[in-house]
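There are 2 protein chains.
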Amino acid sequence: MAEKKKNSSTRERIIENAKKHFYCDGYSKTRMQDIADDTGIALGSLSYHFKKKEAIVSSILKIFLERLYDHTLENAQKPLNALELHFYASIPYYENLLTEENTKRFYYEFTQAQSVHSTNYGGSELADFITEVYHQSLKDYHIFVDDAYANMAQKFGYGGRVQMVIDYVEGALGTVNIAEMANFLSSSREMLLGVPKAELDRIGQEAIAFNREVDFSSIMPLT
Amino acid sequence: MAEKKKNSSTRERIIENAKKHFYCDGYSKTRMQDIADDTGIALGSLSYHFKKKEAIVSSILKIFLERLYDHTLENAQKPLNALELHFYASIPYYENLLTEENTKRFYYEFTQAQSVHSTNYGGSELADFITEVYHQSLKDYHIFVDDAYANMAQKFGYGGRVQMVIDYVEGALGTVNIAEMANFLSSSREMLLGVPKAELDRIGQEAIAFNREVDFSSIMPLT
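Chains as they are written, first to last, in UniProt numbering: chain A, 1 to 223; chain B, 1 to 223.
There could be a bad hint or two in this list.
Because identical chains share one entry, a pair is satisfied inside a single copy or across any pair of copies.
Below 30 Å or equal to it, Euclidean Cα-Cα: the simulated DSS-like pairs (lysine-lysine) are [said to hold, decoys possible]:
| hint | residue 1 | residue 2 |
| --- | --- | --- |
| 1 | Lys52 | Lys29 |
| 2 | Lys52 | Lys62 |
| 3 | Lys139 | Lys197 |
| 4 | Lys62 | Lys139 |
| 5 | Lys104 | Lys20 |
| 6 | Lys20 | Lys53 |
In case anyone wonders, no lab produced these hints; they're calculated from the structure.
In isolation and in its complexed conformation, chain A is listed as follows:
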């Protein structure tokens, strides 16, 4: 137990130091060595906790998303199913990642870095978390899809999300605002899996109304 506690604390310190570097220097310029140095551990020890820089980001984004989920649940006026919760929380997720300049630079650089190769979808904390949401929503809506199709929808959706974030930051989405983009991204994979568009539109409108009422501005990914 003592060992476990120590590990968990080192992990937390790694994440805190990584957040500072990502915020100040961006994603690309931050090296694993910088994070190890600030944490006062060897690079080998850092690699024990996080194999790659993107694994640290995955952990940071998962913690961020969980906090948005919690805040959503605390403020919701009715019980939410998995998909509603995800829609509600996805708007502040993208708003808080893509508005403040340093955070936006970090997320843009991270997204670009992700876009060149197929990623190891398994083993990413954020991907696992989101996959759970989708599995639950398929159950809720009594939808069955075979594994090969679900796999294609996941990978296609991943590439689509990456492209849209890049396009948004580069100004290629025109007048689309972040909430509309977040709703589109929350809807798209569900549509490919067969959740009716009318249901997704309804949830999307509720999510926008909810986000007008509830303040998420204090829940930031890096600061």
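Since chain A is already given, all that's left is putting chain B on it; use the hints.
Below, chain B alone, put in the same frame as chain A:
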């Protein structure tokens, strides 16, 4: 008219020389200067015809797709709507791009190069051609979507396609074969725009049956 004809012939020679370079050296290693040298023109003249290397590829792929469309129409046993034609031709499109080793290397490198930035969707011959197909299919199926949504669906679909091609080449799609992937890609944006999944599944099955009967192996993008 003489001027026009001369231009068009230079353009054809550029494309032929580019194809040879892309086939032998891959996309990344081929420089615009190489293509200009082989064509016996200055780099500035080449830029007059094609601003960037990717514009040459866009032209090559559009010509390739048109030939597949023609061969499909010559062999079809019934009239095809725009979407059916696109499904039928998309299977040999991806099969002929992703099977032969040199062609696959070229297409993989090109796709990777496309994935890092938002692309100029307008002005690409291939993109314009495919956009026309989608507009026609929306008419055929009496679907109306607003421009902002259609724009998001287009960009999302673009990113999804890029990711799936990369994943396919890198082996991340598991047992999915090229025809299944082609059908998924032909379906996905249509689903996001609201064409019923049952209709897309029907066309997909027809496309696979058609491609079992008709030989497209002589229509290659680079050779």
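Structure-based check of all given hints:
When the C-alpha separation of lysine 52 and lysine 29 is checked against a cutoff of 30 Å, the pair qualifies both within a copy, at 14 Å, and between copies, at 29 Å. Only within a single protomer do lysine 52 and lysine 62 lie at most 30 Å apart by alpha-carbon distance; the minimum there is 16 Å, versus 39 Å between protomers. Proximity of lysine 139 to lysine 197 under the C-alpha cut-off of 30 Å is found in both arrangements, the shortest distances being 17 Å within a copy and 19 Å between copies. Proximity of lysine 62 to lysine 139 under the C-alpha cut-off of 30 Å is restricted to the intra-copy arrangement: shortest distance 22 Å within a copy versus 42 Å between copies.
In this assembly of identical chains, lysine 104 and lysine 20 lie within 30 Å of each other by CA distance solely inside one copy; the values are 14 Å within and 42 Å between copies. Proximity of lysine 20 and lysine 53 under a CA criterion of 30 Å is satisfied intra-copy only: 14 Å inside one chain copy versus 39 Å between copies.
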